[in-house]
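Work out the full structure, taking the sequences as your base and the hints as a guide.
Residue strings, one per chain:
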Amino acid sequence: MTTESKQSAAIAGSGSELTLRMYSNMQRIRLFEEQVNQLYTRAVMPGLAHLYIGEEAVAVGICEALRRDDYITSTHRGHGHCLAKGASPDRMFAELLGKEAGYCKGKGGSMHIADPASGNLGANAIVGGSAGIATGAAFSAKYRGTKQVAVCFFGEGALGQGLLYEVMNLARLWNLPVIYVCENNMYNEYTHFSETTAGEILARPAAFGIPSESVDGQDIRAVHTAASRMVERAREGNGPSFLLANTYRYHGHHVGDVSREYYRAKQEETEWRAMRDPIQVLTEWLLKEKIADQSQLDEIVAKAKTEIDAAVAFALQSPFPAVDKVGEDVYA
Amino acid sequence: MTTESKQSAAIAGSGSELTLRMYSNMQRIRLFEEQVNQLYTRAVMPGLAHLYIGEEAVAVGICEALRRDDYITSTHRGHGHCLAKGASPDRMFAELLGKEAGYCKGKGGSMHIADPASGNLGANAIVGGSAGIATGAAFSAKYRGTKQVAVCFFGEGALGQGLLYEVMNLARLWNLPVIYVCENNMYNEYTHFSETTAGEILARPAAFGIPSESVDGQDIRAVHTAASRMVERAREGNGPSFLLANTYRYHGHHVGDVSREYYRAKQEETEWRAMRDPIQVLTEWLLKEKIADQSQLDEIVAKAKTEIDAAVAFALQSPFPAVDKVGEDVYA
Amino acid sequence: MPEVAVRELTMAEAVREALSEEMRRDPSVFIMGEDVAEAGTPFKVLSGMVEEFGKSRVIDTPISEPGFTGVGVGAAMTGLRPVIDIMFGDFLTLIMDQLVNQAAKVHYMSGGAWKVPMVLRTTLGASRRSAAQHSQSLQAWLSHVPGLKVVLPSTPYDAKGLLKTAIRDDNPVIFFEDKMMFRQKGPVPVEDYTIPFGVADIKREGDDITLVATSSMVQVALGAAKMLEEIGVSAEVVDPRTTWPLDEKTLIESAQKTSRAIVLDEGYEKYGITAEIASVIATGAFYDLDAPVKRIGAMHVPIPFSPPLEDATIPTEKAVFEAARAMCKR
Amino acid sequence: MPEVAVRELTMAEAVREALSEEMRRDPSVFIMGEDVAEAGTPFKVLSGMVEEFGKSRVIDTPISEPGFTGVGVGAAMTGLRPVIDIMFGDFLTLIMDQLVNQAAKVHYMSGGAWKVPMVLRTTLGASRRSAAQHSQSLQAWLSHVPGLKVVLPSTPYDAKGLLKTAIRDDNPVIFFEDKMMFRQKGPVPVEDYTIPFGVADIKREGDDITLVATSSMVQVALGAAKMLEEIGVSAEVVDPRTTWPLDEKTLIESAQKTSRAIVLDEGYEKYGITAEIASVIATGAFYDLDAPVKRIGAMHVPIPFSPPLEDATIPTEKAVFEAARAMCKR
Ligand SMILES: Cc1ncc(C[n+]2csc(CCOP(=O)(O)OP(=O)(O)O)c2C)c(N)n1
Ligand SMILES: Cc1ncc(C[n+]2csc(CCOP(=O)(O)OP(=O)(O)O)c2C)c(N)n1
Ligand SMILES: [Mg+2]
Ligand SMILES: [Mg+2]
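For the record, the sequence lines run as chains A, V, B and U. So that you can map any letter, position 96 of the first sequence is 96 in this note's numbering, and since no number is skipped, the others follow by simple counting. This note's numbering runs 1000 ahead of the 1-based position in the second sequence. This note's numbering runs 2000 ahead of the 1-based position in the third sequence. This note's numbering runs 3000 ahead of the 1-based position in the fourth sequence.
Worth flagging that the hints you see were computed from the coordinates, not collected in a lab. Please note that the accuracy of each hint is not assured.
With a cut-off of at most 27 angstroms between alpha-carbon atoms, the simulated DSSO-like pairs for lysine-lysine come out as follows [as the list claims (entries may be wrong)]:
| # | chain 1 | residue 1 | chain 2 | residue 2 |
| --- | --- | --- | --- | --- |
| 1 | U | Lys3318 | V | Lys1325 |
| 2 | U | Lys3294 | B | Lys2294 |
| 3 | B | Lys2055 | A | Lys266 |
Which stretches of chain V does chain U cover? Using the computed rule of at least three CB atoms under 8 angstroms from a CB of chain U, they are [as the list claims (entries may be wrong)]:
| # | stretch |
| --- | --- |
| 4 | 1125-1132 |
| 5 | 1180-1194 |
Think of the CB as a built atom: it goes at the ideal place given N, C-alpha and C, for glycine as much as any other residue.
This is the structure in structure tokens:
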């Protein structure tokens, strides 16, 4: 499988199966999230969810540079990471609806989906809470000599958590194969990141001796190229890196956050959607480079739609866990 | 009092009352600590203590740039900070012996001495634990418009605590009058700081946009000059700074740490004592500049010795708190 | 209380009114936390306050709970009265050092020289389908710590009066608000009033059994009491209102009167609030009890997301009713 | 236990032996913490281990408790068995999020998909003149949390057997060692053995009163039992050994037999370990108790530095003796 990631690194930026797979996965995430929003508005989904729409290129561009047995840790806004790393939509929807068939038997929900089969150590509802776990997975990979890599996804709000600096220091001291991916969508909930973040973001990892880059998070080929470099570095034993991906969430902080004018301008939203949409950016490139024509792309979307619709149907019809399951899985 | 600090800043580096006062205060701290060591070996002092011997120039050089109503937070190695900020040895010794006359009525001990009268918010036995308190005192000074400054003393080991990065970010965002003083004596207990600290120390505050300098912590005139600049900056409303003072502790991590060969070479200790002693460095300068002759300096030491001996005597003869005092001061 | 003008306020409005009145009264009071200003917190408890008091007194922070709680401690030591906002009680895990090793101990360790007049507002309670990291009720941890005071209001009236007392108190006070109660209405007098700490409130008088309940569980107890009434069991509902200081006397006297007691709290039952209160009653009313004191708290599992599972972990009116019925042999 | 070769080891030696044997047996076990390698911890508990196992398995860390505890959680999820060393139990305040919101919940939140076989060794206990931030016994907090197991050994024999069980357990286990007991000797068999969790140990048989004691308090209880013997009171000393899981049956049966119980723990008494155990006994032995269950824990004050004051805050043999004498009406 190493070869796959080597190859993907090599051919990133050129036309390829990979690029079409990335196109497909971004579409799958977007369709997945649109369904989540539906399920919420239709009051079928318990609780809330944080949509990844607008940020698809980050999760997909990075996860396509990983092996299936590499690790990721995810966040409250984690559906995109989970799908990109290889989870299937049916069990994800089932989890979001609290059903027995869900990845966590309904016990975790949207903010805690995890999947050992695809190396997903889990979403986390504590901002920055998984920085230690990702770093520990990298420590473990090095200790066991498996050449696995760990990716820690977090929003720029997690830059406020001291834990991140503690583990970046450890990762550099011990030369661990971990990549810290900061998804800067510019908002910590309802507060602009400029009000919460002093100095230069990239100077923070640099202060611990960790190589860092920033990338246009809406350009999946750029994300994938940068990620592939960092994955190689980690796999070769050259230690941690930090990737700052500048991106934007189209929807509210969570599905219930609908009137947003008090913290961000409608125009800002429309501009990003119109000019910086990651799917559109890749579409234009694919067509320009003649890697695919519109009909092929439509076909991909149609396939994705079928898959997602079927997944929702599966989740809706599958049963809740029996109440007596509540006491199971507390202890291994 | 502002004038005093202005003045001290101005005349730092030239001969002066100030320089002789700094000489005297370094001697007082050293004599104080030698007595603490005695009290421990004579088994008169309960528990342990962390001696400041070798690091005197840092506390004195910085505190001489402060007003009495400025704030400091201190550490487990805090006797030097406490004396330098203006506490008196008699009540300090009384506290170290757990006596009623101590600054904390015996309830705090060596690791928790505090003194509102001299702006000492307290020593802290949690490494890095006072970073929030110092930053909060600076926030308060700004909120109340008092032009007070807060100094946060901590050892380089506290660079491992995430809290420090959280509050440096806040201090820069809110432009708070706080100075973070990292006393790098090269050891976190029994581990060399190079094993625990990745990257460049000064790059850490810089990453949060905080101006930083490093200084020879054994040259009190250099420490005082740098500190005075930072105090002025804070007082003028220009926000936080970070001072890295490179220094060395002559004794063990605590009074009981006597066989140290397994973590540091005897030669390293002797070299620092012989070539980098802060008192000796200042003495030579004072004599060379003819600011004082040996007899004047001997007189200062004699006075200091008398003061410290009297303080010890006072503490030894003063009573323990009555047992029924144990339940007082839990709630204000 | 005397005849005064009274109107209905939600719990959120009562909290906001208490904060606003205290901030008008005392310029040293300020609010600090995540999304407290324009957003007025995700629960909208503070809506409008930044408009009145400005960004210098209603302060948005980065997502740095230990950092800004520490700033609160230092500000409190130096002349201010911070009200720190911790969005979810689950995040107390991040600030235990600042609360327990710093705020709670400063006054004692300094021999009374420094004090920490800080209020820390946070939330408790499950059943919002928020899963294991956003649903805990961790009041037991803080009630265990000398130097802290712990407040658990169960009505808008209590919330306003207790919060004013908390802000005027010279010690660190942890103030827990039930997320599910924010929209619940109750009568609140127009006049200024405070409620002393350590004074339990009898929410309902009764003779056959005592239901001691905190915060969110007071409504559950009152609901169970109604059901019990229908089968002829008269239940007394007692709300300690503060777990530290704890009004042991009122709890014990009620149990002595009814000779039976059930203790309810939404925190985990094991080693929780119910353990302390049950043991206080079992000791204080030892010679009057007809049955062992019964404890009902959250099931000993992380709180699950799935609605049927989550509902099974929280004490319900029905569970309390059944337990009480059994104790009263009906 | 059967006839086996036995020698005297200190508590520190027993802990070290358990760790060393498990590390020889299982290469996935490693130790991580501050000054654990060459220094062998400030208490010298791990002296010599780095020489045998090397720096890749006995790992010195920066002073980053939340960071390296988090690394432990991630390592445990991915095939290793970390033993994390937290020098003073007081520093648990810094890692509550990693322990409570992460380690304790990962297995449940993932529906059993991931597990966290991690041991966290830390210390408890006062009377070392270390003052308020280096003397606490915070086991009550962790016993309150579903998903964690909590171990409190009181002898070298128990320490070795329980630590081996902890390392082989697939769940996060918090293992508390009393700093004052490290040099205390006791018999430890040469052969490999483990001690199951949730099984209390009767340290001394007796008929008139039950003294339930944890960790450091077991010696206090045994001392008091000796004094009681002299006045003709036969005390039974029961050590739960683990507060979660808790062997309620043995505790209750002992109290039923003696009809009187005192519960001892060095943590703060209020909302502490003694509350849960006292309430379990008061309920389980309700119809057999001649007197209310008595609780004796640390005084509700931050632990003072001054020797006469500190000594007044900790349960003593004399205090236990007096309480027991009064309960037995002698
Ligand atoms: C420790 C902690 N503090 C606060 C919260 C509440 N909260 C949930 S998401 C969020 C904002 C996170 O912003 P960011 O990290 O940028 O992620 P984004 O939502 O933008 O993807 C906050 C404050 C939390 N879950 N955890
Ligand atoms: C949070 C925390 N972790 C560990 C300790 C134990 N400890 C006390 S001092 C010390 C080393 C501190 O080193 P440094 O900060 O460089 O200060 P120095 O002793 O060198 O002055 C440690 C690890 C502590 N007191 N607090
Ligand atoms: Mg964001
Ligand atoms: Mg040091």
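Enumerate the violated hints, using their earlier numbering and listing them in ascending order. none
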